[in-house]
Amino acid sequence: MIEARGIRKTYGSHQALKGLDLSIKEGSIFGLLGPNGAGKTTFIRILNQILAPDEGEVLIKGEALSGKHISRIGYLPEERGLYPKMKIGEQLLYLAQLKGLHKSQAKERIAYWLKRFELTDRVQTKVEELSKGLAQKVQFIASVIHEPELLILDEPFTGFDPVNTEHIKQEILRLREEGATIIFSTHRMESVEELCEDIVLINKGSRLLGGPLHEVKAQYKSGWYQVETEKEWQIPAGKNWQVEKLNAQLGGRAYRIHPEQNSRAELLESLLASGLIEFREEIPSLNEIFIQSTRNA
Amino acid sequence: MKNLGLIIRREFLTRVRKPSFIILTLLAPILMAAVMFLPAYLATLPGDEKVITILDESYLMDIYDKGNEEISFKYLNPKDFDFETAKALVEGREDYAFVHVPVSEGGDPDFIARNIRVFRAGDLSLSVESYLERSLEKYIQKEKLKAEGVDPEIVARTKTQVNLRIINTEEGRETENATLAKMGIGYVAAFAIYLFIFIYGAQIMRGVIEEKTNRIMELMVSSIRPFELMMGKILGIGALALLQFVIWIGLGLLIFTIFTAVFIDPSLSSGTAVQMEGMNALPDNAAFDIYRSLQSIPFTKVLLSFLYYFFGGYLLYGALFAAIGSAVDKETDSQQFMLPLTIPLILSLIVILRALDNPDGSLAVWMSMIPLTSPLVMMARVPFDVPTWQLLLSMGILAITFFGSVWLAAKIYRVGILMYGKKPTFKELYRWTRYKN
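Note that the protein sequences, when read in sequence, are chains D and Z.
The first sequence: position 86 = 86 (the numbering used here), numbered continuously.
The second sequence: position 299 = 299 (the numbering used here), numbered continuously.
Keep in mind that the hints were calculated from the coordinates and are not lab data.
The reader is advised that the hints may include incorrect statements.
Dumping the calculated PhoX-like pairs for lysine-lysine here, alpha-carbon to alpha-carbon at most 20 Å [to be verified]:
(1) K68/D with K2/Z
(2) K144/Z with K159/Z
(3) K25/D with K231/D
(4) K18/Z with K87/D
(5) K142/Z with K159/Z
(6) K74/Z with K126/D
(7) K74/Z with K144/Z
(8) K103/D with K87/D
(9) K18/Z with K85/D
(10) K142/Z with K66/Z
(11) K85/D with K68/D
(12) K245/D with K231/D
(13) K85/D with K330/Z
(14) K107/D with K2/Z
(15) K2/Z with K103/D
(16) K411/Z with K422/Z
(17) K87/D with K61/D
(18) K50/Z with K66/Z
(19) K411/Z with K427/Z
(20) K132/D with K107/D
(21) K231/D with K217/D
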């Protein structure tokens, strides 16, 4: 769906993006991760054509990004904001029309979305009279009202309570089912692990790591296993594995073991002999990967 | 272009529906009328009378001279009072002032004039002083005329007021002079432009700042180009300004018609009405003269020029106001950037006063070419029938500058709307204009 190649963007003397490459599969939920100031917002602004890159190109479905793509992109900026004096209905109609919808079509969609979010009776309410959570819902509707093929969500869950977070999450998954490609920019890693298939982690304007989530995680496996056995377990003869004893949780004996590379079968074999109760590979959370890799960079 | 239309519509509709706009639009002409007519009306009411007691020992003044509406003369009989007793009496009362006209042994009017004294607890108002001086000068002159053996009655009878009829012989046609009417039209038109640039320029700026503080900018510019957003706001608010102006003119004319019909008694002759306003009587055919003199004003040219300078000036300044709004986060930060815009406007307003007196003076001509001052200064000159080449040159320069200012403002705007936090300097604004987007 999206191919970005060698994107550079400089403001004065500050290099916001230093040759960023990434590609996003159609119909996927893509996690755009990075600490504050990494260049995420700059990249999103380039996709939205608010900014143009100094160098590099962005292709959407093989075509260079251009004005005609604007109506096919939906955007939920991190900085939420609506016209406070406008009524919800008017506000959504205005934003939908700016995205190229006809008035009648826009009105139908607005009715549909307000119903989904149980806001139908608020259509005449001014934005300034809404609670923060409700205003956020209106903002979310504004970003999807024109049924974009590409939906860019910048920190979509900030400001929502857990119930509404779940609601929005379900909507995101549903939109993906309907064929939308979703870019999900955040530094809240739990939600990324739940939703994203692919991620890219950028820092200081360039790509640090990326790919399918499971592969990224596999790369960052530490090689440690946590096990519990019924009986005492011994390192098989001739092996130079690292072992730590842990407190047993299930009434047996617990260990933390780091075997040599490609020794998983041997480890399992020896453990089975000692009456294996639990076997778990230590897989780092995305949060740990994030902290570790940005610290190293 | 379709988006531009949508933006103009929103900017216009959200403002036109505001109660503050409706109230201001309807109330302003009434307030204006009040400002214009109230002083005239109040002057006809009996105001605070200032009693001035006069001890006229030379029998200089006419005791039937009771002063005017504001000042009331009361005379003490010199047979009953001398200076000391009169002064003591007056000090016990709440009179405004006490005037002593002394007696002259030789009956020398100049001696009397030199020795007249006014006593007052506090400062004497300037208008009272000049009225007293004028009255006394009149009586002294009478004495002197008598001394020269001239009957003051003859002098009064032969006094004549001359109202010159000035014929403008320019361009082969002879038209009645209408300098006053031209000055009035020029000033009002220029002042209206000044007022609208300020009121609506500030609205543009405030609108941009509001969009920034409400953080809606990012969402907007993901759908439309910043240039469209800026122009939409400028044009939408411009339409609002035009609507307000048209309503004001309409209401103004209505109020004027009603006022003249109700308050100016048709049974009074035009002469009396004019006298009420404190002017001397015009010749009998005054009304006809005014009508004829107005014909010398190029009304079509004035109207078309007004529309051009109204919009040209508004767009020129409006774009710059939008740029300022985009550069700051709150209105209080806008002051330093406003200065370069306020100075030429206020300067124009000052220059206009001279331009009206001397519309073809080099100051007026130059200032009517410089684009930041031309909308006001040229407008003040137009009723005096400026040479066509000057008008076209000024309009051309304004058009070029307008495009320049929109271009420059758009560059600042585009960067500014997404900048939050620190207050930029002029140097940074200049740098922004050089960013690629």
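Hints and how they fare:
Of the supplied pair hints, the one linking K68/D and K2/Z holds, its CA atoms being roughly 14 Å apart against a limit of 20 Å. For the suggested pair K144/Z and K159/Z, the alpha carbons sit about 17 Å apart, so the restraint of at most 20 Å is met. For the proposed pair K25/D and K231/D, the alpha carbon gap of about 49 Å is over 20 Å, so the pair is violated. For the proposed pair K18/Z and K87/D, the alpha carbon gap of about 14 Å is at most 20 Å, so the pair holds.
Distance hint between K142/Z and K159/Z is fulfilled; the C-alpha atoms sit about 14 Å from each other, no more than 20 Å. With a CA separation close to 70 Å, the supplied pair K74/Z and K126/D exceeds the 20 Å bound. Taking the CA atoms of K74/Z and K144/Z, the gap is about 24 Å. The hint is violated against a cut of 20 Å. For the suggested pair K103/D and K87/D, the alpha carbons sit about 16 Å apart, so the restraint of at most 20 Å is met.
Among the hinted pairs, K18/Z with K85/D is consistent with the structure: their alpha-carbon atoms are about 10 Å apart, no more than 20 Å. With a C-alpha separation of about 18 Å, the suggested pair K142/Z and K66/Z falls inside the 20 Å cut-off, and the hint holds. The suggested pairing of K85/D with K68/D is violated, with an alpha-carbon distance near 30 Å, which exceeds 20 Å. Restraint check: the Cα-Cα separation between K245/D and K231/D comes to about 13 Å, which is no more than 20 Å; the hinted pair holds.
Simply put, K85/D and K330/Z have alpha-carbon atoms about 18 Å apart, close enough for the 20 Å limit, and the pair holds. Between the alpha carbons of K107/D and K2/Z the distance comes to roughly 18 Å, so the proposed pair stays at or under 20 Å and holds. Proximity of K2/Z to K103/D is assessed by CA-CA distance (about 13 Å); at most 20 Å being required, the pair is judged to hold. As the CA atoms of K411/Z and K422/Z are separated by approximately 19 Å, the hinted pair is consistent with the 20 Å bound.
About 37 Å separates the Cα atoms of K87/D and K61/D, which puts this hinted pair outside 20 Å; it is violated. Note on K50/Z and K66/Z: the hinted pairing holds, with a Cα-Cα distance of about 11 Å set against a maximum of 20 Å. Pair hint K411/Z plus K427/Z holds up; C-alpha atoms about 14 Å apart against a cutoff of 20 Å. Distance check on the hinted pair: K132/D and K107/D sit about 24 Å apart at the alpha-carbon level, beyond 20 Å; violated.
For the hint linking K231/D to K217/D, the alpha-carbon distance of about 32 Å lies beyond 20 Å, and the restraint is violated.
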